[in-house]
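The lines below spell out each chain.
2 protein chains.
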Amino acid sequence: MQPNWIKQRAYLTPNRVAISFHDQQWTFNELYLQSVSLAYKLNTLHLTNGKRVAILAPSTPPLIELLYACMQAQCEMVLLNGRLAKQELAYQIADAEVDAILVADEELAKLPDDARIIPFSKLYRTTESEYDIAAQWDDDFALTIMYTSGTTGFPKGVCQTVVNHSSSAISSALNLGISEDDAWLCTVPIFHISGFSIVVRSLLYGMKIRLYEKFDAKKCSQEIINGTVTKMSVVAVILENLLSEMESIGQKAHPRFSTILAGGGPVPIDYLKRAAQLNLHVAQTYGMTETASQTATLANEDAFTHIGSAGKPLFFNEIKIAAKKDESIGEILIRGPHVTPRYIGQFKEKPTTIDGWLHTGDVGYLDEDGYLYVVDRRSDLIISGGENIYPAEIENVLLAHPKIKEAGVCGIAHDIWGQVPAAFIVVKESMTAQDVIEFCEQNLANYKVPKYVHFIASLPRSGSNKLLRRHLMKLLDE
Amino acid sequence: MQPNWIKQRAYLTPNRVAISFHDQQWTFNELYLQSVSLAYKLNTLHLTNGKRVAILAPSTPPLIELLYACMQAQCEMVLLNGRLAKQELAYQIADAEVDAILVADEELAKLPDDARIIPFSKLYRTTESEYDIAAQWDDDFALTIMYTSGTTGFPKGVCQTVVNHSSSAISSALNLGISEDDAWLCTVPIFHISGFSIVVRSLLYGMKIRLYEKFDAKKCSQEIINGTVTKMSVVAVILENLLSEMESIGQKAHPRFSTILAGGGPVPIDYLKRAAQLNLHVAQTYGMTETASQTATLANEDAFTHIGSAGKPLFFNEIKIAAKKDESIGEILIRGPHVTPRYIGQFKEKPTTIDGWLHTGDVGYLDEDGYLYVVDRRSDLIISGGENIYPAEIENVLLAHPKIKEAGVCGIAHDIWGQVPAAFIVVKESMTAQDVIEFCEQNLANYKVPKYVHFIASLPRSGSNKLLRRHLMKLLDE
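Chains as they are written, first to last, in this note's numbering: chain X, 1 to 478; chain D, 1 to 478.
For the record, the hints were derived by calculation from the structure and aren't laboratory data. Note that the structure is predicted; figures quoted are calculated from it, not measured. Everything hinted at is true.
Copies of the same chain look alike in the list, so a pair counts if it works inside one copy or between any two.
With a straight-line cut-off of 27 Å between C-alpha atoms, the simulated DSSO-like cross-links for lysine-lysine are:
#1 Lys7 <-> Lys320
#2 Lys325 <-> Lys7
#3 Lys324 <-> Lys7
#4 Lys451 <-> Lys403
Work the whole structure out from these sequences, hints included.
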């Protein structure tokens, strides 16, 4: 059991700033009081004590308030990604069997019709019914559920429990350090673990979040230059934007600014060199939805002596490589209190670990000093601007088109996004690349729509007829 | 389960300094290697995997090495206090039914004869037998056992488990902050929780310990003035010595020095004022052996707005007061992952908690903002003519007198009133009993004014320098 984080934080440091957004700010006590009021409204709607709610909203203070309220009400929150297509959202809502869908009014149009939808405006108008808010939380309670695709292409709902989140925040603190004056610049989406984990750190550390609905290179650079923030989470493409902006105005990071935490795939060495010129300390990290954020992080001091490494595990975490005899490269396995204990929905019977170890599907090795190098992401994972894209998911959509016989998808290098998806298609009847793209746009989040479409006579396959996605790239070269 | 802290720390930051002592230092990797060698020797002596060993040694690096080795070997360590009489040590050794007594050669004479004694010199000469050191530790494993007297007067062996210690270190970090450059000045005995908890923090944070066998006012002041350390644990009397030294040489604390953690009873307000003049940030804390160090800590920023308070609980801890109806003062109850799950020996059947709460026997209250005030340790309560008198309140007044260096108060039997307070005073400058009484009359209700005043050379104190009020009465008899 743990004390109710929101109540405890409001008790311990009521007057510290929890969130700052544009020129407004909210203390922990203010957010606590607002979340109690909202929790009483949720109670009127019978959404308390283990009920499951889906949430769709932009990364603004009303979302944070609602997250606080749902935690207080002990609802399991399915955090929906606003970039997904209607069909993708419908799948997650159905799979999670949610009791309600709480949605910011301005995002209503993104959802398919559903009787369970409760727009924020309706929630706000609901009367309050007072009840006893839990003083303690069960370690195993699933605070959040986030969908992530695996090799099958079917997104799995991953539970992240109270102890998953708290141990992630604790391990991060032991590694990066914490100070009363910390302020974390949050421009990553809250519906992703990269964003939600900042909310958790804020509660456990009593730390301010400087929140932006979307990344803004000019304003964010100024925060770093002025030292109004001390830490920030980024993916490589955002880091590049920041670097370009700071270089163009010829300003360096304020000494108070401590760390840029860079996740969602490798950071090009060139960026690291440019960051060093600007006094920006970049800590590269390896984490995923199943591990409630960071598993391993590379200290800034090691960035140039271990180029390309994702560092060593955080204190309570363990990493091992399942390599064949006499080989050092193999699948990356992870153990620790931050690893999800279960999936929900159609995958709920599938265990998340084997003998305590999460099998990531990612391939890597540990060097002689124990630094992790991620050689290849799981099963041809494409990482585009920090978003994970699973080829199988796009292939599943393509194969639903009546004119398409076979489809294969792989990632190709891209200057800005790191990678973008490319589709290889064997047709039944003739069609154009434009037909393919339009069909994908109707069924997939924008970032998943293939940027290149190639028609070929047959796909490269193994002896057992398995698609060889890595060979697709070679076709491209030819 | 948690990763073996010693192995994990040596893996993560092998080259960071773990201990510095006089002009020598040891990295985490050096201590790890030494502790593996010692663990192999313990294995030869069949002291591994749950065996119980008593340890008696001064606070020097060989003790730290041995603590590391016993943790690696998964021995339960009974930490003996070298200031105790032979008879008291014999009681603890018998009660704990230890398998061996590991003792620094220079402290052999303190122990009663016992066939189980193994002097360090003999341990060092033992051959090594290699075996598989545990990669993980069970949360519930009792790393340490410390004896503490309760209201009963019979010392109880308190188990402090892996999770007790880790959550204590984590909660402390969330409250005081941590930085890579931290160095904790340790002059408190390692056999007490105040000292051992510094060893735990060092392992979990990757933090340097600046170790002194004994407190040295001149040298310790210099460390604080030069900024070679950032944190320090003290009791009030040590704080006073530091303050006097720094005042006498007219030097202030270095800006890098962050916090003095003051435990083992209340800190007189006068000391806090003097500390503020020297830029010393004092965080007053309330903790005990049963809670593996701090339960509540007062932030420096609140020191003068909540004078006399021990602060608020640390993040994962809870405090409540068992007060009678319509009263706010009552017994202090504590809940959290840091609370001991069990005693050993003759008290092993006695539960440590009731409905999850540790009943401390201490008396206090929470003010309207939730700050804890420890009114007194219950066993020292003086009841005079039906009025409750708390010795600490009288001592605080006495210590504000410019001619008084140290003061202790206890109750003595009285024909009419049941008990009356008596004061024991160590002076800076000569003064009369009449001076003392007049000063008290100006500052205290009449019934609280000491009826007897005794001038003595030094106050009776425990191994951790805590005032032993019960021994004051014995002085009177002599």
